[in-house]
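*Asks:* As given, the protein sequences belong to chains B and E, one line each in that order.
For the first sequence, the UniProt record's numbering gives the first residue as 1, with consecutive numbering after it.
For the second sequence, the UniProt record's numbering gives the first residue as 1, with consecutive numbering after it.
Don't read these hints as lab results, they were simulated from the structure.
Ideal Cβ positions, reconstructed from N, Cα and C, are used throughout, including at glycine.
It is possible that part of the hints are untrue.
Only part of the chain E face toward chain B is listed, based on derived beta-carbon distances under 8 Å [unchecked claim]:
1) ALA6
2) ALA9
3) LEU44
4) PHE46
5) VAL54
6) LYS57
7) THR59
8) VAL78
9) GLY147
10) SER166
11) ALA176
12) GLY178
With a straight-line Cα cutoff of 25 Å, these simulated PhoX-like cross-link-like pairs (lysine-lysine) come out [unchecked claim]:
13) LYS57(E) with LYS12(E)
14) LYS57(B) with LYS3(B)
15) LYS90(E) with LYS57(E)
16) LYS12(B) with LYS185(B)
17) LYS12(B) with LYS3(E)
18) LYS12(E) with LYS57(B)
19) LYS12(B) with LYS57(B)
20) LYS90(E) with LYS90(B)
21) LYS12(E) with LYS12(B)
22) LYS185(B) with LYS185(E)
23) LYS185(E) with LYS12(E)
Number of protein chains: 2
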Amino acid sequence: MDKHIAPVALEKAYRLINHGPTVLVSASHAGVNNVMAAAWCCALDFAPPKLTVVIDKATRTRALVENSGHFVIQVPTVAQLQLTHDVGSKSLLQEPNKLERAGVELFQIDGYETPFVAGCSAWLACRLIPEAHNQNTYDLFIGEVVGAWSDTRVFRDGHWHFEDASPELGSLHYIAGGNFYAIGKALQADTDK
Amino acid sequence: MDKHIAPVALEKAYRLINHGPTVLVSASHAGVNNVMAAAWCCALDFAPPKLTVVIDKATRTRALVENSGHFVIQVPTVAQLQLTHDVGSKSLLQEPNKLERAGVELFQIDGYETPFVAGCSAWLACRLIPEAHNQNTYDLFIGEVVGAWSDTRVFRDGHWHFEDASPELGSLHYIAGGNFYAIGKALQADTDK
């Protein structure tokens with residue numbers, strides 16, 4: 001594992017996605033690995049941490065999640081702009097070498113079967129909480145976060161440090177048509193008011 | 001209605017929240033108006049547009065949403081940093097003059113009973129799609145977007161224009177402890193690749 005990667009306490013895992021970044025979803029089943037981008041991923045609970053992610057019926061990833069019961073949500077960086085767009089706009093169903101063409105490098109973490117995407121700033125390993133009605137009606141999947149890690153150059157001590165890190169480590173926030181925004185400057189509200 | 005506010009086509013309404021901003025939820029029932037902040041709001045579908053929002057059982061807003069069947073999601077701006085924090089950290093249950101103290105100004109749009117929060121950059125009027133299991137188990141509410149509007153100084157022609165607008169009109173992305181990030185610079189992926 002990259003020397004910059006360190007575990008994040010589960011009670012602070014929600015902070016990895018609280019600012020609404022576009023994420024990558026990785027999943028694996030029966031020897032097939034896949035990664036897709038998802039703009040529609042959101043924290044759902046603090047403890048135990050849970051999250052929601054919308055996974056369309058047309059994706060290859062969906063069956064991997066349903067069949068394995070696991071997936072990883074990871075936060076891609078500005079340096080991964082094109083990779084994020086590419087894994088979000090191509091399907092493994094039409095392009096069997098999609099991951100290779102997009103430049104996706106996978107790595108493993110001991111104790112987890114799902115592969116993780118290298119170069120991201122944060123990773124949340126999730127166990128699917130099966131909810132057939134949500135999955136079938138809304139394409140909405142709920143996961144319990146069972147492990148979390150960050151690149152300590154940009155998230156450490158339970159906080160993002162985008163303002164001190166390389167802009168290349170910023171998070172991506174997708175709109176449409178290949179147009180993203182990077183996360184911007186830090187702002188502090190008065191909490192004693 | 002403010003001269004800068006214009007309707008957004010429903011098929012593009014998802015773009016108003018696709019970049020994961022922290023939002024304000026307004027609701028009204030039996031003469032009680034309230035506004036809360038929510039970091040956990042996410043698009044769910046394109047057409048008809050739907051979204052999810054997590055509304056804790058401890059909030060006053062929750063009963064207003066459940067009893068009226070309607071709510072408005074709005075995207076607050078950098079200029080509303082303190083307002084957003086204040087309506088997210090105080091409850092109308094403990095502080096009856098919460099909205100006044102936070103400086104919230106409400107306005108109406110013809111045909112909608114729920115009040116809208118002035119000064120935001122986008123508004124999505126929603127009809128609750130009742131899902132008792134999600135609401136009771138996960139505090140997860142699903143809304144169908146039935147009307148959408150934007151401040152045309154920052155969202156027009158179906159696109160955000162944060163890069164050309166005043167930084168005060170940027171969206172807010174909450175982490176924890178009063179710490180937010182503003183949305184940052186625009187990035188364009190190669191869509192022909």
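*Asks:* Would you mind marking each hint as holding or not holding in the structure?
*Replies:* Outcome of the hint check:
1. ALA6: The hint is violated - ALA6(E) has no Cβ within 8 Å of chain B, the shortest such distance being about 18 Å.
2. ALA9: violated, 13 Å
3. LEU44: Since chain B brings a Cβ to about 6 Å from LEU44(E), closer than 8 Å, the hint holds.
4. PHE46: Given a least distance of 10 Å, the restraint on PHE46(E) is violated.
5. VAL54: Given a least distance of 6 Å, the restraint on VAL54(E) holds.
6. LYS57: Violated - the Cβ of LYS57(E) stays beyond 8 Å from chain B, reaching only about 12 Å at its closest.
7. THR59: Not OK, violated: THR59(E) not within 8 Å of chain B, min 15 Å.
8. VAL78: At 7 Å from the nearest chain B Cβ, VAL78(E) passes the 8 Å test, so the hint holds.
9. GLY147: violated, 20 Å
10. SER166: Because about 13 Å separates SER166(E) from the closest Cβ in chain B, which is outside the 8 Å limit, the hint is violated.
11. ALA176: holds, 6 Å
12. GLY178: At 4 Å from the nearest chain B Cβ, GLY178(E) passes the 8 Å test, so the hint holds.
13. LYS57(E) with LYS12(E): Outside the cut-off at roughly 31 Å; violated.
14. LYS57(B) with LYS3(B): violated, 37 Å
15. LYS90(E) with LYS57(E): holds, 14 Å
16. LYS12(B) with LYS185(B): holds, 21 Å
17. LYS12(B) with LYS3(E): It is violated: about 42 Å lies between the C-alpha atoms, which goes past 25 Å.
18. LYS12(E) with LYS57(B): holds, 21 Å
19. LYS12(B) with LYS57(B): Distance ~31 Å between LYS12(B) and LYS57(B) Cα, so the pair is violated.
20. LYS90(E) with LYS90(B): violated, 45 Å
21. LYS12(E) with LYS12(B): Answer violated: LYS12(E) to LYS12(B) is near 33 Å, above 25 Å.
22. LYS185(B) with LYS185(E): holds, 10 Å
23. LYS185(E) with LYS12(E): holds, 21 Å
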